[in-house]
Each structure stands twice: as structure tokens, then as C-alpha cells.
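Chain order of the listed sequences is A and B.
Sequence positions in the first sequence follow our numbering and run 1 to 254.
Sequence positions in the second sequence follow our numbering and run 1 to 570.
Quick caveat, the hints were computed from the structure, so don't treat them as lab data.
It cannot be assumed that every hint is accurate.
[As the list claims (entries may be wrong)] Straight-line Cα separation of at most 25 Å, DSS-like style, residue types lysine-lysine; simulated pairs:
| no. | chain 1 | residue 1 | chain 2 | residue 2 |
| --- | --- | --- | --- | --- |
| 1 | A | K109 | A | K44 |
| 2 | B | K282 | B | K25 |
| 3 | A | K44 | B | K554 |
| 4 | B | K422 | B | K184 |
| 5 | B | K497 | B | K25 |
| 6 | A | K44 | B | K543 |
| 7 | B | K422 | B | K545 |
| 8 | A | K204 | A | K189 |
| 9 | A | K44 | B | K25 |
| 10 | B | K282 | A | K44 |
Here are the chains, one letter per residue:
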Amino acid sequence: MRPLRATDYPGIDLSIDIVLWGIVIVGIFSFIILAYGLWRFSAKRNPVASRTTPLAFRRLVFLDVAVLIFDIALLAVNIYFWSDLLIQNDDESIRERAASENAEVVHVKAIGRQFFWTFLYPGPDGQWDTNDDIIRGNTLVLPTNAYVVVDITSNDVVHSFFLPHFRIKYDAIPGVNTRVWFKTTQEGKYEIACAELCGSGHYKMRGIIEVLSEKHYQEWLKQISGNAYPQYAALTPEAGTASPNTAPSNEKTE
Amino acid sequence: MTMGTAETSWVKRYLFSTDHKVIGKQYLLTGLFMALIGGILAVAFRTNLAAPGVLSDSAYLRLVTYHGTIMFFWVAMPVLLGGFGNLLIPLMIGARDMAFPTLNMLSYWTFVVSTIVLILSFFVPGGGFSGGWTIYPPLSAMPEAFLGEHLGTILFLFAVALEFASMLMGGVNFIATIITMRTKGLSFFRLPLMIWMQLIASVLFLLSVTPLIAGAFMLMMDIFAGTHFFTVTAEHTGNPILFQHLFWFFGHPEVYVILFPALGIIAEIFPANTRRPFFSYKTLVWTGIIAGILSFVVWAHHQFVAGINPYSAIWFSIFTVAISVPFSIALVVMGLSLVNGSIRFTAPMVWAVGAYAMFIIGGLTGLPLGAFTSDIYFHDTYFVVAHFHYTVFTIAVLSAIAGLYYWFPKWFGRQLNETFGKWHAILTLIFYNGFAFPGFFLGLAGHPRRYASLGFFEYLHEYQWIHVMMTVSTYLLFATQLVFAVYFIYAIFKGKKVEDPNPWKATTLEWLAPSPPPHLNWGNTHPIVEHDPYEYAVNGELKAKGMDFLPQGKLYVLKKSEAEKQEQEG
Chain A
1 MRPLRATDYP
11 GIDLSIDIVL
21 WGIVIVGIFS
31 FIILAYGLWR
41 FSAKRNPVAS
51 RTTPLAFRRL
61 VFLDVAVLIF
71 DIALLAVNIY
81 FWSDLLIQND
91 DESIRERAAS
101 ENAEVVHVKA
111 IGRQFFWTFL
121 YPGPDGQWDT
131 NDDIIRGNTL
141 VLPTNAYVVV
151 DITSNDVVHS
161 FFLPHFRIKY
171 DAIPGVNTRV
181 WFKTTQEGKY
191 EIACAELCGS
201 GHYKMRGIIE
211 VLSEKHYQEW
221 LKQISGNAYP
231 QYAALTPEAG
241 TASPNTAPSN
251 EKTE
Chain B
1 MTMGTAETSW
11 VKRYLFSTDH
21 KVIGKQYLLT
31 GLFMALIGGI
41 LAVAFRTNLA
51 APGVLSDSAY
61 LRLVTYHGTI
71 MFFWVAMPVL
81 LGGFGNLLIP
91 LMIGARDMAF
101 PTLNMLSYWT
111 FVVSTIVLIL
121 SFFVPGGGFS
131 GGWTIYPPLS
141 AMPEAFLGEH
151 LGTILFLFAV
161 ALEFASMLMG
171 GVNFIATIIT
181 MRTKGLSFFR
191 LPLMIWMQLI
201 ASVLFLLSVT
211 PLIAGAFMLM
221 MDIFAGTHFF
231 TVTAEHTGNP
241 ILFQHLFWFF
251 GHPEVYVILF
261 PALGIIAEIF
271 PANTRRPFFS
281 YKTLVWTGII
291 AGILSFVVWA
301 HHQFVAGINP
311 YSAIWFSIFT
321 VAISVPFSIA
331 LVVMGLSLVN
341 GSIRFTAPMV
351 WAVGAYAMFI
361 IGGLTGLPLG
371 AFTSDIYFHD
381 TYFVVAHFHY
391 TVFTIAVLSA
401 IAGLYYWFPK
411 WFGRQLNETF
421 GKWHAILTLI
431 FYNGFAFPGF
441 FLGLAGHPRR
451 YASLGFFEYL
461 HEYQWIHVMM
471 TVSTYLLFAT
481 QLVFAVYFIY
491 AIFKGKKVED
501 PNPWKATTLE
511 WLAPSPPPHL
521 NWGNTHPIVE
531 HDPYEYAVNG
541 ELKAKGMDFL
551 PQGKLYVLKK
561 SEAEKQEQEG
């Protein structure tokens, strides 16, 4: 049921698979035993109750031990990937990770607002808050084979930056910068959903991720970086005034 | 007040009564009435999910918000704590009333006021609050984020505050009563499990609610007084995450506040219908206490992806996953109590078994959410919605109705029809799974919750039929409960009268009293406890007499002087 995965980073899917298979097996086992117990010890088949519990059933206590072992394994896997995704997410670690796979690093900022996303690129000079910063409305264009670092914040209320195809989700909180990273593998268009209730247009807050081949990405970058851009801070409108219909188009913001 | 209540006025007997049974009934009926409203809201917004556009965007969110808030605070709490707690605590511990009867009455009437304010908040100009039952700021603190609902937000917060005040009065009363008013011979480890669970729940509520009251106060200040605790502007940097901490420090124990009484109901129905004692009574008590303590250190699992320190998230995840251990032990112990029993599938038992089975699903599906890496994907999707409906619906509906069928004779002196009860249970379980289970698939597909429609997202388009199916199940579920509501009211007045005060042949003290019990419960007798609570399948003398259970206590006739003293105290 999960949407097609667009990244070759397997961590989150692996965590999901392990826990889902675990609970499905434990669940089915529990239901079979419960059904058997209800049938075997119904008043019809077992008219006289006894205070004792046969050893075979008392061994079911080991089900708890199984749950405990499963819990520990689950936590180990989860902590491993969690540390990958949210602890070792500083510039240095990601650069190393990318270098080891011969991938590039793309650093962007995402700003949530009722009810669209704004994306910022540092521009050709690679520095933030300079005149060549690139601002894009609602579409994040990325190259393939890149580690994408997204610094997320919000301009009004709490939003959540959810990339179902990349299995990534993190809240966009006003006044707070949060960071996620993901790896692009396949070209294509993917959707960004908002996963935190942000107002009446919550369900319409749709962003796009466009993953281009390296060549097309460079062309796009050249085309987009032709002009000078004003500081993004001057562009951010007052909080809460935007409506879903005024979301900027994918063209350059003037 | 004298023992013969005939002399007191109607108002004093039925309206402003201090009798725990009347207050219990008042709580129960108010709670069930609110359940009807919550159900109507659910039917309305589920219609919008099947056929988008029926409701406006803000109306959809408003109904979702009120549905969640009502079902939590105005149904689960008043029915399970206010209703069953008030009825059963004095009866099960052999007391004549609660420790503070007047406070008890005040608790109920504060609850009534809170209900009125809540309903009012829905109809004020601008409409009711629509920022979700979690009230996250800045959305809830910024009137401009939702057009024109300012007054609605304030009244909504005020109603919730009043409800907490009411439940606090009740909780203090419960704790004081259970600790100080147990009858002779009733030591703590002889308390029926229902009483243990009510005690743990009341303590949890008492300890957890304070931070939320502080948080709600700060939120009100943000709205009224121009402070910036949780809102961020160019000059002021409040912190929205702070509110989430204050909310969930309460919010998670709150789930257990309603979960424990529900487990208590199942724990009373199981032994009475399996005719054998619990596999291990003490294990259940201790797992309850341990899970209660752990519930205070798991709150941030609601915030794994909300900007908390990723190192602290590790601890919260460990504690959250750890809490599955006491609960799995509790469920296994309950299950083992069926073994070698002689299970009578009475209506309450069918409900209790259904609730028990649904708790297994609810508990297991908590793991993908408590383990934080998988929660990155599942957070705020329909997987969460399905998970908490498997817990909270099981608590507030399945367990509560199991309790209604079981204690109906005690409440009203009449009996609900057994066949009706079984069909009611089976249909409810089918339709309930029909609306709740597909949510896991939607969550797996990455469907975020609180979406008025999935139409804007291509990756979700193919799942619209699941929404239609869930909506149809919701209709059928609601229709089933409507039929029950009509029958329930009919049975209160016209149901078959119980002849036997102990129709289930249960051991606990409340079945020694007449059904329904008179004012001050025990008349000129007094119960004294001599045994553990679940002495079924006994051997020896009783068995020869054809009795398979040993009542927990005996009624002793009071001497005349003692009886007069009791009368004066009452």
C-alpha cells in the first residue's frame, strides 16, 4: 500500500516492515489462541470450571518474553536509523555520506505557510542571504543521485513537511529550524503533503518535488539563476493572510 | 436526611442529589447523550469524506474537533469515571456513599455547566473552535488563522477547563473514598480490580492535569492579553513546542485515565462469566501501577517529528515501547483467566471478549507509532486514527456497553435482553472493524489525517473507495447504536424486573445489595469482607450445596444503636 519508494535509502521502510510483520504475526497468533480458548472452555464443552491452569497454557507467559525480545530488536533497528536520519544530520556528516557514494549535496530551505511551501536555494555562490538566493514557490526541483538537506521552518502556524515517496516527515514550526535529509534516486514528480493541521486549507496544501536528471537540473539552475533576486525576508507576507488560491505559481517570484 | 427518602423533595432526590447512585446515573445519561451528539458529528464528517464537498472546509474541521473532544472528555470520562466510578466505588467497597457527597454533586453540576458552554461554543457567531482536539498553537492562538471563530475558541477552552475542574472534584472524591471508606476486612489487595483501576486512573488524572491547566491558561493569555508564550512574531519568539509538551504530559496519561476503568470492567466481567478466579490478580494490579507510572515518561512520542531533541526522542521511544510489556502481561494474564473456565457467553461476556480482542489490535498497532523511525512515516496519518480508534472506541464504547449490560440490573433494577445484547455486540464489532480497520491501509498509503478530502493528492486518488466503505460502516454502526439507545430508554422504564439481586452469580460486594440499592445502600445491614474478590470454582461445602462461588463478604445486621448512628451520618 505504500507509495512507490523514490529513494534507495531503505531505513524507514525496513523499520516499517519489521514492526508490521512482527505485530501481524503476534496478532494472528494471539487471535488463534483466543479463539481456541473460547471454544475449548465454553460452558458447553467445559461445564465445570477449575481454579488451576495447565502448564501448557501457563507457558503462554513466554509470549511476554517474546514481546520483550521483539521490543528490544525493534528499538535497536529504530535507533540505528533514527541516528542516521536525525542525529547525524549536520553538514559534515552528510557531506561524508554523499562523498562515499559519489553523490552531490543540495541544501535548501523550506518555509511552510497557509497553504503552500516556499523553497530557497543558496544560489550559485553557495551562500545564504546573498542576492543570488533562489526562491521558488511550491515546487522543489532537485537532481538525481543527490543528498538533499532541507531546513524547515514556518511563517505562521505549525505545518508538517511530508514526502510519502521518500518516507520523510518533519514538522515546520514557526521560530524553530528543523532539518531532514533524503536521497534522490529516480527522476520523476512527487508530492509534498502537509501532515499537521494548519487551517481550513490543510488538505489542499500540496507541494511538488521534481527530480531531474543531472543535465536537466544544471540547465534549470542556469536558467533560474540569470537574474538577481531580492532578499527572501522582504518577500514573506504577513502571517495568516495567504489563502490557498494565492499560492504562487512555479514561475520565478518577482 | 433520613433513610426514607420519600420525605425529601423531587428536586433533592433526582436533580441536586448527593446520592452516589443518582449522581452516577446523571453522569451516565449525560455521557450517553453526548455520545449521541459525538456520533452524529462523526456521521456528518464521514459523509464529507465519502462525498467531498458536502461540508465546507472549516465545518469539516469543526466537526472533527468537536467529535474528538466530546468523545474523550464528555463521553469516555463521564461514563467510565463519573458513571461507573460513582455507582460502583461505594457499593464495591461496602460504603454508604462517597467521602464527599456534596463535592460529588458539585462535580456533576460543574460538568453540566461545562456541557452547556461546550454546546454554546459551537453556535456562537463565527462558529466553534476548529483547530483539532489537541488545540495546538499558533493555530489556536491566532484568530486570523481561522476566520472569525475567536469567541468559539474562548468558550471551547473554557468548557474544557470546567470539565477538568469537574473531573478533578470527582477524582479527589474517588481517591479519598477508596482509601478511607473501605469496609472491615477489605484490604487493598482484596479490592475488586474495577476499584483498583478507578484508583489508578484518578491518581493519574490528578497528577497529569496540572501542566495542561497551566498550558491552557498561557494559551488564553496569548489570545486575550497579547502575551507570546506560544506564538512567534518578528519581535516575540514564543515556542509552540512548549504547548505540545504541556498538552501531551497530560494527554498521554489521560488515555490511561479512561483505559484503566475500561480494563476494570472487563476484569469484573471475565471471572463472573468464566466461573474461575483470575490467573493472577496481583499481576494485574502491579502491571496497572507500573503502566501508570510509565505513562508519565512517554508523552513526547506524540512529538517525535515535532522538533524535539532527537536524543530525548530515543528515551521517549524506549519508554513507549517498554510500556508494551506491562500491557502485554496484563492481556496475557486476562487471557489465561479464560483457561479451565466454564465460559458462559452472556451478553456482557460477548461484549467483554470483543473489547479484549480489540485491545489486542489497539495495543499492537501502537508499536509502529511508538518506535520512532517507523513513526516518521506513520505520524499524523490514518494509521494513527485507526490505532486510537482501536483503543479509545474500545474503551468508550465496547467496554462501557459491556459494563452497561453487566451492571444494568444494579443501575435500574431491570435487565437488558440477552439475545438483543449479543446481536448488538456482533453487529457493533462488524461495523466497527469496517470503519476502523481500513484506516491502517490508508495510513500505510500515507494518507494524512484531518484531510477533508484526499482529492488534491494524486498518490491517494485510488483510495477513495476505502473512504466510502468506512463511511457506510459508520452509518451502520451509528444506526445500530441508535436502536440500542431506543431500547435502552425503553428498558429503563419497561424492562424485565430482576428477581435475583445477583443475576450473574458474582462475588463482589455490590451484588449483596438489593437492585437497585436503596439510599445509603445497605439499609440496616453492613457488609464485612471475608474473602478475596474472585472466589469462583470453590470446592468443599459450598460445592455440595450447588454453589460454585464464595461471595466476597457477608451482610451483618446492625444493632439498633448503630443503625441510628448510620442514619444520622447519612
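Is it true that the CA of B/K497 sits at most 25 Å from the CA of B/K25?
Holds: B/K497 and B/K25 sit about 18 Å apart, inside 25 Å.
Are A/K109 and A/K44 close enough, with their CA atoms no more than 25 Å apart?
violated, 68 Å
Taking only the CA atoms, is the gap from B/K422 to B/K545 under or equal to 25 Å?
This hinted pair is violated, its Cα atoms lying about 31 Å apart.
Going straight from one Cα to the other, do B/K282 and A/K44 come out at no more than 25 Å?
violated, 30 Å
Straight-line Cα separation of B/K422 and B/K184 no greater than 25 Å?
violated, 38 Å
Are A/K44 and B/K25 close enough, with their CA atoms no more than 25 Å apart?
violated, 36 Å
Between A/K44 and B/K543, is the straight-line Cα distance small enough, at 25 Å or below?
holds, 19 Å
Restraint status (C-alpha distance of A/K44 to B/K554 at most 25 Å):
Violated, at about 32 Å.
Are B/K282 and B/K25 close enough, with their CA atoms no more than 25 Å apart?
Violated, at roughly 31 Å.
CA of A/K204 to CA of A/K189, is that 25 Å or under?
Holds, because 17 Å separates the two Cα atoms, which is no more than 25 Å.
Violation of the numbered hints given earlier is confined to hints 1, 2, 3, 4, 7, 9 and 10; the remaining hints are satisfied by the structure.
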